[in-house]
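Visitor: Chain by chain, the residues run as shown.
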Amino acid sequence: MVSIIRGRPLIAGLILLAAGAAMDPAGADPVVPLPPHCEVPGDLIPDASPLPHSRQMLKTEHRLKIVALGSSSTLGLGATDSQAAWPARLQAVLASELPGADVRVVNRGIARQTAQQMLGRLDSDVLAEKPALVIWETGTAEAVRGTDVDEFVDALMAGVDRLDAAGIDVILMDTQYSRGTAEIINFDPYIAAIDQVAVTRGLSRFPRYAVMRYWVDNDQFHFAGETGGVARKVADQVYDCLGHLLAQTILQGVAAEQR
Amino acid sequence: MAATDRDLRLDFFRGLSLLFIFLDHIPDNVVSYFTLSNVAFCDAAEVFVFISGFTATFVFGGLMNRYGTTFSAVQILKRCWTLYVAHIFLFVIFIAQVSYTAARFNNPMFLDEMGMAEFLQEPYIAVLKAVVLQFQPEFMNILPLYIVLLLGFALVLPLLRAQPVLVMTASTVLYVAAATLHFNLRKFPEGVWYFNPFAWQFIFLIGAAMALRRIGIQLPALQRRHHLLWLSATIVVVTVAIKLAMTFVYIRTGEFPHVVLRMLYTIGDKTNLEPLRLINFLALAHVTVTVIRRDHPMFRRAWAEPVILCGQNSLHIFCLGIFLAVLSHFLLSEISNGLAAQIIASAGGILVMVGTAYGMSWSKHRARPERERGAAAAAPGSRAIQGGE
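Quick mapping for you: the protein sequence lines, in order, are chains A and B.
The first sequence: position 242 = 242 (my numbering), numbered continuously.
The second sequence: position 103 = 103 (my numbering), numbered continuously.
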């Protein structure tokens, strides 16, 4: 971290801007200030892989364009409005953490889509936007339908490779957690598949399932029995927390040295 | 206890695989770290299907010797019917669970997920698909495999008796084709069977062929080969070492080593019983049956009896295990998912399974008149007609 700053003054300015006051004085990873109900243990979210294209865009163009590709939990169903969905929250948090840069997060969530279906709209919905980074939220539709895990992995690999070829960073995000849904749907093989793709392709992954599970198990959030306005408020808060944690992963990835 | 003519290894290891299947079906269960899948690339499913094939020849082949082809075929079909009824029973349990959850849980954040409960709006489709074995949510995938394998076995058994080498060659070709070309049966609402019957028939028929000697048919290819035993032992030692190392690395870093993940992705797929799993299982089975002979003293130990009894009542204990796994999962996520709760749920489930196995064996034994019991011990094979497995 320190050596990057010394060695490359151009980036240094931006990263200092990026991490700003949030940066740990010891030179550790950037830390986004978290609302207390969003807290998770430090080792729950794996260290971010480098995001070279995002870093490049920030460095040369002083902007960061991100596409959020996903299903209804990306779209923001259950929240007050689209401004409460996690992509909008992520944009707000990043914008305040990167005061010198123009941050845009484009929401490309469509309910109930499989990775294969998202692959079909990769050109029009993602590549056409020319982002530096894609956060790909997937696996839910597959777990619900019981899609063959191999088919899911193949679709993910194909998508990741196309994004890589187009010079776009990728962060993979797995499914949501609630006790009610975990009781009737087996998410594990699909989360394992996302991990496997992330590991083999050297990508960052955001373990949303584990994060939300931690919140539920520690009584930070409840999803069962909440209706109407209360349920909406919970959804807003969860999406806001996800926006904060994702921002942290992204800032880490931007600051991380290329291996 | 069982009559002494029985190969208790079959009952013991089938019983053990049923207990493992129960433990492995409770998500995030610490006790499941002690099941077969943690020291081998195969798991209890291979053991269960292999022993099912072996028992199928042993029981129905024995009946065929005594009463002819038609009689044994009818017995196989009767057995298929019992399995089918069990499948429908598990389907009803599944519907009940989903209905209960869907009725209580109605958070719009989880709209995509609740697509799962969508069939409640159109239940006739799910019922129809379950009836034709195409609806296979978790827990409901191994019985459909067992049913189609046994159905096919009604036709294959006479061929296997007459032309074992020919049948096994055909089975190998079908396996290799299925494992490489990935053709499989479709399921509802999409995708393919979790256990590809065209691939898994291989392990079933290997088991079935191994039992031919028990019904008086010698297989030329199956003489003892000692250098093969060394190969098997080496495979077992290496795979156990790799698995333990993987677990160790996982505990240390929270990730599996990349090279192993890549290997699993290429040759370790469960759906098509890919070679890593098959070879690992065959090596393990080879070593096990060599080291543990059928009259091994461990089978007379007190701790072995409950496991053997579970194996002797396999269908009921299997269904009960699935039911208990669903129930444990539900209770663990509703009440507590702590370490103690996981151990209590696992131990409680095993106690219920074992208790049920004792009850079933006791009632079978009770209901049979004294002289018939004597006759059953004298005549191998007749147990099956009286409802034994």
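These are calculated hints, taken from the structure and not from any lab test.
Heads up, some of the hints might be wrong.
[Stated by the list, open to error] Straight-line Cα separation of at most 25 Å, DMTMM-like style, residue types lysine to aspartate or glutamate; simulated pairs:
| # | chain 1 | residue 1 | chain 2 | residue 2 |
| --- | --- | --- | --- | --- |
| 1 | B | 129 | A | 195 |
| 2 | A | 65 | A | 129 |
| 3 | B | 129 | B | 190 |
| 4 | B | 243 | A | 61 |
| 5 | A | 233 | B | 334 |
| 6 | B | 78 | B | 122 |
| 7 | A | 130 | A | 219 |
| 8 | B | 243 | A | 195 |
| 9 | B | 129 | A | 150 |
| 10 | B | 129 | B | 7 |
| 11 | B | 243 | B | 7 |
| 12 | A | 233 | A | 257 |
| 13 | B | 364 | B | 334 |
| 14 | B | 364 | B | 7 |
| 15 | A | 65 | A | 164 |
| 16 | A | 59 | A | 43 |
| 17 | A | 233 | A | 47 |
| 18 | A | 59 | A | 39 |
| 19 | A | 233 | A | 151 |
| 20 | B | 243 | A | 129 |
| 21 | B | 129 | A | 164 |
[Stated by the list, open to error] Sample of chain A residues at the chain B side, in silico, Cβ under 10 Å:
| # | residue |
| --- | --- |
| 22 | 92 |
| 23 | 96 |
| 24 | 124 |
| 25 | 181 |
| 26 | 217 |
| 27 | 219 |
| 28 | 220 |
[Stated by the list, open to error] Here are the simulated distance ranges between beta carbons:
| # | chain 1 | residue 1 | chain 2 | residue 2 | range |
| --- | --- | --- | --- | --- | --- |
| 29 | A | 233 | B | 28 | 40 to 46 Å |
| 30 | A | 233 | B | 190 | 50 to 56 Å |
| 31 | A | 230 | B | 28 | 51 to 57 Å |
| 32 | A | 162 | B | 134 | 30 to 36 Å |
| 33 | B | 190 | A | 230 | 50 to 56 Å |
Predicted model only: the values in this text are computed from it and were never measured.
Note that beta-carbon positions come from the ideal geometry of N, C-alpha and C, so glycine has one too.
Visitor: Look at each hint and say if it fits the structure.
Guide: Hint check:
1. 129(B) x 195(A): violated (32 Å)
2. 65(A) x 129(A): Status holds; Cα separation ~8 Å.
3. 129(B) x 190(B): holds (11 Å)
4. 243(B) x 61(A): violated (48 Å)
5. 233(A) x 334(B): holds (23 Å)
6. 78(B) x 122(B): Violated, at about 32 Å.
7. 130(A) x 219(A): violated (40 Å)
8. 243(B) x 195(A): It holds: about 19 Å lies between the C-alpha atoms, which stays within 25 Å.
9. 129(B) x 150(A): At roughly 23 Å apart (the allowed maximum being 25 Å), residue 150(A) and residue 129(B) satisfy the hint.
10. 129(B) x 7(B): violated (38 Å)
11. 243(B) x 7(B): violated (30 Å)
12. 233(A) x 257(A): violated (38 Å)
13. 364(B) x 334(B): The given pair, whose Cα atoms are some 37 Å apart, is violated under the 25 Å limit.
14. 364(B) x 7(B): Distance ~19 Å between residue 364(B) and residue 7(B) Cα, so the pair holds.
15. 65(A) x 164(A): Holds, because 16 Å separates the two Cα atoms, which is no more than 25 Å.
16. 59(A) x 43(A): violated (29 Å)
17. 233(A) x 47(A): violated (30 Å)
18. 59(A) x 39(A): violated (30 Å)
19. 233(A) x 151(A): violated (36 Å)
20. 243(B) x 129(A): violated (44 Å)
21. 129(B) x 164(A): With a Cα-Cα distance of about 40 Å, the restraint between residue 129(B) and residue 164(A) is violated, given a limit of 25 Å.
22. 92: violated (20 Å)
23. 96: violated (25 Å)
24. 124: Constraint on residue 124(A) not satisfied, violated at 22 Å.
25. 181: Residue 181(A) check passes; min Cβ-Cβ to chain B is 4 Å, inside 10 Å.
26. 217: For residue 217(A), the interface hint holds, since the closest Cβ of chain B sits about 7 Å away, which is under 10 Å.
27. 219: Not OK, violated: residue 219(A) not within 10 Å of chain B, min 12 Å.
28. 220: violated (15 Å)
29. 233(A) x 28(B): 40 to 46 Å: violated (29 Å)
30. 233(A) x 190(B): 50 to 56 Å: This hint is violated: roughly 35 Å between Cβ atoms.
31. 230(A) x 28(B): 51 to 57 Å: This hint is violated: roughly 28 Å between Cβ atoms.
32. 162(A) x 134(B): 30 to 36 Å: holds (33 Å)
33. 190(B) x 230(A): 50 to 56 Å: Since the Cβ atoms of residue 190(B) and residue 230(A) sit about 35 Å apart, the hinted range of 50 to 56 Å is violated.
The structure is inconsistent with the numbered hints 1, 4, 6, 7, 10, 11, 12, 13, 16, 17, 18, 19, 20, 21, 22, 23, 24, 27, 28, 29, 30, 31, 33, although it conforms to all the rest.
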